[in-house]
Amino acid sequence: MPCLIFISMTETMKFPSLDDIRLAHQRIQPFIHRTPIMTSEAINQIAGCDIYFKCENFQKVGAFKARGAANAVAKLDEEQKKNGVATHSSGNHAAALARAATVAGIKSYIVMPSNAPEIKKKAVKGYGGEIIECEPNLQARETTLQEVVNRTGATFIPPYDYMDVVEGQATCALELWGEGIPFDVIMAPVGGGGLLGGTALTTKYISPNTQVIAGEPAGADDAYRSFQAKQLIPMVGPKTIADGLLTSLGKINFAIIMKYVDDILTVTEEEIIEAMRLIYERMKIVIEPSCAVPLAALLKHKQRFKGQKVGIILSGGNVDLGKLPF
459 MPCLIFISMT ETMKFPSLDD IRLAHQRIQP FIHRTPIMTS EAINQIAGCD IYFKCENFQK
519 VGAFKARGAA NAVAKLDEEQ KKNGVATHSS GNHAAALARA ATVAGIKSYI VMPSNAPEIK
579 KKAVKGYGGE IIECEPNLQA RETTLQEVVN RTGATFIPPY DYMDVVEGQA TCALELWGEG
639 IPFDVIMAPV GGGGLLGGTA LTTKYISPNT QVIAGEPAGA DDAYRSFQAK QLIPMVGPKT
699 IADGLLTSLG KINFAIIMKY VDDILTVTEE EIIEAMRLIY ERMKIVIEPS CAVPLAALLK
759 HKQRFKGQKV GIILSGGNVD LGKLPF
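Number 568 in this note's numbering belongs to position 110 of the sequence shown; there are no gaps in the numbering.
Possibly wrong hints are sitting among the right ones.
Below, a list of computed lysine-lysine pairs in the DSSO-like style, where the Cα atoms sit at most 27 Å apart [what the hints assert, rightly or not]: (1) K717 to K742; (2) K717 to K758; (3) K717 to K764; (4) K472 to K709; (5) K758 to K697; (6) K742 to K781; (7) K472 to K767; (8) K717 to K688; (9) K565 to K533; (10) K472 to K533; (11) K767 to K742.
Everything labelled a hint here was simulated from the structure, so no lab data went into it. Computed from a prediction, not measured in an experiment: that's the story for all the values here.
Sequences are here, hints too, so could you generate the full structure?
Okay, structure coming up:
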């Protein structure tokens, strides 16, 4: 039985303001793409609403993670930069931080589990990161990271539960709103919650009446259960094809979600695969399974979104094409 972590909503937690998010967007401009917004008449017809896909699968390093990493590195002071940055990750944050550090001319130390996909390791090395391997469990990752930080003096940049990272991820929705579309709903997937938290902040600052709704796999539904219980319930034994959403929801992001997110909808593995295939077939673009989760949630609840303008953030495109589920 997972333990419950109680977080008082009355505790003071300073979230990035809209001005902070706009400054972050200016700060990271040289290091990111302004990704396109795409539509599909065929998918709109199936869904019964107008969907605008924000394509972070075309972002640097192939995922929205480039935004948060670039912002966190850019905000380091000169003393911190001398010792570089460190993190533990087997996914997109590892590559994003390695790239952001190299662009800034500083070192990066990336702790990765020994069973991390070779393609992920190659990406980190390609972006100039120094990989330190560890046993494939959270305790080993955290212990090895602490050893690296003690040895090098590097600054730890967490993948999602870190305000500068959330602030950077919030710039994705800022670009979405910059298109002048009067969205009724903005949707994003939720894993650790950095993208959802940032999206919710930006959206509620700009358009308080717009709903922010997350999609989450039923096999990794800690955000949904935490949202319903109003207390943080860590994930134990998550199982889903959406490998980018296996992480437990972060404490900072849980606080943002409880204040600004309107709902979290869960979907089955079959629904994720169906939505993923639909995007491949109708839009001819490569996305990873995590991207398909919000669309799967929308298609599962069509009546709720009927006739509305919906923005969906496609979070990334780093998928092993040899392991597609269709």
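Going down the list of hints, with the structure as the test:
1. K717 to K742: violated (36 Å)
2. K717 to K758: OK: K717 and K758 at ~25 Å, within 27 Å.
3. K717 to K764: holds (26 Å)
4. K472 to K709: Roughly 13 Å separates the two Cα atoms, so the pair holds.
5. K758 to K697: Given pair K758, K697 holds - Cα atoms ~20 Å apart, limit 27 Å.
6. K742 to K781: Satisfied, since the Cα-Cα distance of roughly 17 Å is no more than 27 Å.
7. K472 to K767: violated (31 Å)
8. K717 to K688: It holds: about 11 Å lies between the C-alpha atoms, which stays within 27 Å.
9. K565 to K533: holds (15 Å)
10. K472 to K533: Given that 27 Å is the threshold and the Cα spacing comes to 17 Å, the pair holds.
11. K767 to K742: Measuring from Cα to Cα gives roughly 22 Å; hence the hint holds.
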